[in-house]
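Peer 1: Sequences listed follow chains B and S, in order.
Quick note on this note's numbering: the first sequence kicks off at 1 and runs consecutively.
Quick note on this note's numbering: the second sequence kicks off at 1 and runs consecutively.
Source of the hints: derived by calculation from the structure; they are not laboratory data.
Some hints here could point you the wrong way.
[Stated by the list, open to error] For lysine-lysine, the following DSBU-like pairs were computed, each having C-alpha atoms within a straight-line distance of at most 35 Å:
(1) B:Lys28 x S:Lys211
(2) B:Lys313 x S:Lys10
(3) B:Lys16 x S:Lys211
(4) B:Lys2 x S:Lys133
(5) S:Lys133 x B:Lys42
(6) B:Lys28 x S:Lys16
(7) B:Lys10 x S:Lys133
(8) S:Lys288 x B:Lys264
(9) B:Lys42 x B:Lys288
(10) S:Lys288 x B:Lys42
(11) S:Lys16 x B:Lys211
(12) S:Lys264 x B:Lys16
(13) S:Lys28 x B:Lys28
(14) S:Lys10 x B:Lys211
(15) S:Lys288 x B:Lys28
(16) B:Lys264 x S:Lys264
(17) S:Lys288 x S:Lys264
(18) S:Lys16 x B:Lys133
[As the list claims (entries may be wrong)] Covered stretches of chain S, as calculated for chain B (at least 3 residues, CB under 8 Å):
(19) 31 to 45
(20) 146 to 156
We put the beta carbon where it would ideally sit given N, CA and C, even for glycine.
Protein chains: 2
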Amino acid sequence: MKIRNFGEFKFIDRIKRGCVVRPAGVIKAIDDDCCVFRTPDKMVNLLTTDLLVEDVHFLREAISPFKLGRKSLAVNISDIAAMGGTPGEAVISIAIPETVEIEYLDEFYEGMRSMCREFEVNILGGDTTSSRKHLVINIALTGWIAEEEVLYRSGARPGDVAFLTGAVGSSAAGLDMVLSGRDFQEAGELLEAHYNPVPHVRQGRIIAGLKAATAMIDVSDGVASDLGHICSDSGVAAVVELDRVPVTDAFRRYCSRFNLDFEKLALHVGEDYVLLGTMPESRAGELKAALESRGCSCFPFGRIVEGHGLRLKMPDGSLREIPSSGYDHFKDA
Amino acid sequence: MKIRNFGEFKFIDRIKRGCVVRPAGVIKAIDDDCCVFRTPDKMVNLLTTDLLVEDVHFLREAISPFKLGRKSLAVNISDIAAMGGTPGEAVISIAIPETVEIEYLDEFYEGMRSMCREFEVNILGGDTTSSRKHLVINIALTGWIAEEEVLYRSGARPGDVAFLTGAVGSSAAGLDMVLSGRDFQEAGELLEAHYNPVPHVRQGRIIAGLKAATAMIDVSDGVASDLGHICSDSGVAAVVELDRVPVTDAFRRYCSRFNLDFEKLALHVGEDYVLLGTMPESRAGELKAALESRGCSCFPFGRIVEGHGLRLKMPDGSLREIPSSGYDHFKDA
Numbered sequence: 001m002k003i004r005n006f007g008e009f010k011f012i013d014r015i016k017r018g019c020v021v022r023p024a025g026v027i028k029a030i031d032d033d034c035c036v037f038r039t040p041d042k043m044v045n046l047l048t049t050d051l052l053v054e055d056v057h058f059l060r061e062a063i064s065p066f067k068l069g070r071k072s073l074a075v076n077i078s079d080i081a082a083m084g085g086t087p088g089e090a091v092i093s094i095a096i097p098e099t100v101e102i103e104y105l106d107e108f109y110e111g112m113r114s115m116c117r118e119f120e121v122n123i124l125g126g127d128t129t130s131s132r133k134h135l136v137i138n139i140a141l142t143g144w145i146a147e148e149e150v151l152y153r154s155g156a157r158p159g160d161v162a163f164l165t166g167a168v169g170s171s172a173a174g175l176d177m178v179l180s181g182r183d184f185q186e187a188g189e190l191l192e193a194h195y196n197p198v199p200h201v202r203q204g205r206i207i208a209g210l211k212a213a214t215a216m217i218d219v220s221d222g223v224a225s226d227l228g229h230i231c232s233d234s235g236v237a238a239v240v241e242l243d244r245v246p247v248t249d250a251f252r253r254y255c256s257r258f259n260l261d262f263e264k265l266a267l268h269v270g271e272d273y274v275l276l277g278t279m280p281e282s283r284a285g286e287l288k289a290a291l292e293s294r295g296c297s298c299f300p301f302g303r304i305v306e307g308h309g310l311r312l313k314m315p316d317g318s319l320r321e322i323p324s325s326g327y328d329h330f331k332d333a
Numbered sequence: 001m002k003i004r005n006f007g008e009f010k011f012i013d014r015i016k017r018g019c020v021v022r023p024a025g026v027i028k029a030i031d032d033d034c035c036v037f038r039t040p041d042k043m044v045n046l047l048t049t050d051l052l053v054e055d056v057h058f059l060r061e062a063i064s065p066f067k068l069g070r071k072s073l074a075v076n077i078s079d080i081a082a083m084g085g086t087p088g089e090a091v092i093s094i095a096i097p098e099t100v101e102i103e104y105l106d107e108f109y110e111g112m113r114s115m116c117r118e119f120e121v122n123i124l125g126g127d128t129t130s131s132r133k134h135l136v137i138n139i140a141l142t143g144w145i146a147e148e149e150v151l152y153r154s155g156a157r158p159g160d161v162a163f164l165t166g167a168v169g170s171s172a173a174g175l176d177m178v179l180s181g182r183d184f185q186e187a188g189e190l191l192e193a194h195y196n197p198v199p200h201v202r203q204g205r206i207i208a209g210l211k212a213a214t215a216m217i218d219v220s221d222g223v224a225s226d227l228g229h230i231c232s233d234s235g236v237a238a239v240v241e242l243d244r245v246p247v248t249d250a251f252r253r254y255c256s257r258f259n260l261d262f263e264k265l266a267l268h269v270g271e272d273y274v275l276l277g278t279m280p281e282s283r284a285g286e287l288k289a290a291l292e293s294r295g296c297s298c299f300p301f302g303r304i305v306e307g308h309g310l311r312l313k314m315p316d317g318s319l320r321e322i323p324s325s326g327y328d329h330f331k332d333a
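Pulled out of the complex, with its shape left as it was, chain B reads as follows (with noise of 0.2 Å):
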C-alpha cells in the first residue's frame, strides 16, 4: 500500500507501537516536540548519530527492510558500545520517496524494533517527511556512563597490546559476494556478518568496567582505519601481527577459494562492528579473562609502539607500512 493512501499522521500511529522498551528514566516518549528522559543517576551522557542513504549505504534490492532497520540502529549501538557506554533512547529521522510502501516500512520499523529489544533502547522520537527519490534514514542514539569510565580513542600508549573483542573481515567477505555474484557453501555466514551485525555492547561495558583499556573504538571503516584512528588520536604507532588477526574458518575458505586478498579483506574494509582496544600488558591477561569468563573473545592481535603509522608483520616475520586511511566517501566518489 502507498504511504500517501494513509498520511503522516496515521503512519507516526502506526510506528509508534512497541517503541517503549525499557521505561525507567522516560518521561515523555514521541507526541511532543521533544522527547524528555533522565540520564541515571552519577552518569554522564554520550550522543552519537548517523546518516544512511540508499545508493551510498545501501541498495534496497539488497538487503531486506528487516535488515536495514536492525543494520541501521546496529551501526549505532556500536558507537556507544566503542565508548564503554550504554545505549540508551533513539530519535529516528525517515525521507520516504513514493516507490517505498507501507509494508516495506513497517517490516523497517520492525526491524529496529527487534534490534532495540535486544539492547534495550527505547524509540523515543524523530522525524518523517518524503523524499524525491531515496529513502534516507538517520538516527541519533543516546548513551550513558560514569565519566571516568569512558573509553577514548586517544589512550593508548607504547607497549600497550592491542585487541579486538571479535573475528573481522567476514562483512567484508559477504559483501564481496554480493558485489561479486561468487557462490560459496558458506555463504549464509557471511552475508549474516555484513547484513546483521551484532555490535559488543556487553564487551564494552566489562572493558569500560575493568578500567584496564587506554583505548577503544568499534571497527567500522576496518582495523587497519579504525587502528589507525587510535594511533593518530593518541600519539603512537602499532604493529599488527596478520596471523594473529581474528577471522572465521569461513572467512579463510572464502579467501582461499577465489584467490582473494587476505589481508584487504581482513583490515582494509570494515563493518564487522567488533571493538578494537588497546590495553598495558600488565592487564592483559586480566582483561582477557574477564570476557572469556563472561562468555566473550579478547583476541590480542598487535603492539602500540613510539612513532606514527601502522607496520604490518607478516608470518614470515617481515615488517611493512600499511596505509592507515579507511574509506572517503568524498574521494571515493
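Assemble chain S onto chain B, guided by the hints.
Peer 2: Relative to the frame of chain B, chain S by itself:
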C-alpha cells in the same frame, strides 16, 4: 572547489572549528565515536531531531547556504523552546552531492555556527557522507529543563486562554512571494521571516519558569494545525478570534495589496517559529506582564473550550469550524 579534492577527514577538520561555544559540561567534542557531556544538576534531558531534504524542504537556489545553516538549527532550537527548555548540544549529519562545493559548505556551517553562538548551542559531532543527488541535513539537538517546568502539548484545559509570543503569517507571505514572484515594497521583512526565523527560547524559558502555562508548542505547521495538536492531545477544543491573531503591518498590507486569503496565510501555513501556549485566565495578566517586562510579547488570541476541533470567530461575531489538519508530507506528496 570540489569536496572530492578535499577528502572527508580534511573536511571534518575544517568544519569542527568554532563548534564549542559553551564549554561548561562538555567532556568530549567531535573526533570520537560519540560526544560526551553532562546534563546540568537536577535537570532532565530533551532531545529533538529534524531532517531537511533538498527539493522537499528547501530549494538550493532559493536560500543562501548561510541562511540554510541558520534555519536548519533554528527549527530544532524552536522545538526545545516549545518545551520550555534550554538548548544544549547538537550533532549534525550531512549528505553532500557532488554538485555542492566546499565554499557552499563553509557558508552553510558558518550559518549554523552563527545561530549556535546566539543560542549557546555546541556542535559536538555528526556524520558526513556523500549523496547521489540531493543535499540532506539532519540535526539532533539536546536540551535541558527542570522536570517540573516541562510544558507538554497535553495540558490545556477548558477556560484557558490561548496566546502567541509573536506575529504569525509573515513567513507564509515570504514563501508566497518567492513562489509567485510578486514584487512588494516590504519584501525584505517577509523574506527575513521565512528564511531567517529566530526561535523563541527566551520566551519559552520565561513561560516555563513561571509555571503559569498549561500547554505549549511552536508554530511550525501553522496556528490551526499546532493549536489543533494541543487540542487533540489535551482532549479539548478551541475558539480562535481572527482579529486578535497577531500579524505585522507588512503582512496585512501584502494580503490586501494582492487580495490574498488572510486567514489561510495567517493560520494554515506556518514556519513562524513563535510559541503558542495556553494558560488559565487567572494567570494571564501575570504571564503577559512577565514577558513584556523582559522585552517579549504575549498576544491572547483565543480560548480553550470543551469538545473537539477548532472554531474561528470572525470579526462580525459569527463562528465557523476550521480544519486543524496541518501539512502532511505524504498526502501532499
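Peer 1: Confirm or reject each hint.
Peer 2: Taking the hints in turn, this is what the structure says about them:
1. B:Lys28 x S:Lys211: Between lysine 28 (chain B) and lysine 211 (chain S) the Cα gap is close to 18 Å, so the pair holds against 35 Å.
2. B:Lys313 x S:Lys10: holds (29 Å)
3. B:Lys16 x S:Lys211: Holds, because 30 Å separates the two Cα atoms, which is no more than 35 Å.
4. B:Lys2 x S:Lys133: OK: lysine 2 (chain B) and lysine 133 (chain S) at ~23 Å, within 35 Å.
5. S:Lys133 x B:Lys42: violated (45 Å)
6. B:Lys28 x S:Lys16: With a Cα-Cα distance of about 32 Å, the restraint between lysine 28 (chain B) and lysine 16 (chain S) holds, given a limit of 35 Å.
7. B:Lys10 x S:Lys133: Satisfied, since the Cα-Cα distance of roughly 29 Å is no more than 35 Å.
8. S:Lys288 x B:Lys264: violated (67 Å)
9. B:Lys42 x B:Lys288: holds (28 Å)
10. S:Lys288 x B:Lys42: violated (39 Å)
11. S:Lys16 x B:Lys211: holds (30 Å)
12. S:Lys264 x B:Lys16: holds (31 Å)
13. S:Lys28 x B:Lys28: holds (27 Å)
14. S:Lys10 x B:Lys211: holds (33 Å)
15. S:Lys288 x B:Lys28: holds (28 Å)
16. B:Lys264 x S:Lys264: Since the Cα atoms of lysine 264 (chain B) and lysine 264 (chain S) sit roughly 61 Å apart, the hinted pair is violated (cutoff 35 Å).
17. S:Lys288 x S:Lys264: This hinted pair holds, its Cα atoms lying about 27 Å apart.
18. S:Lys16 x B:Lys133: holds (30 Å)
19. 31 to 45: holds (count 11)
20. 146 to 156: Since 5 is at least three, the answer is holds.
Hint violations for this structure: numbers 5, 8, 10 and 16, all remaining hints satisfied.
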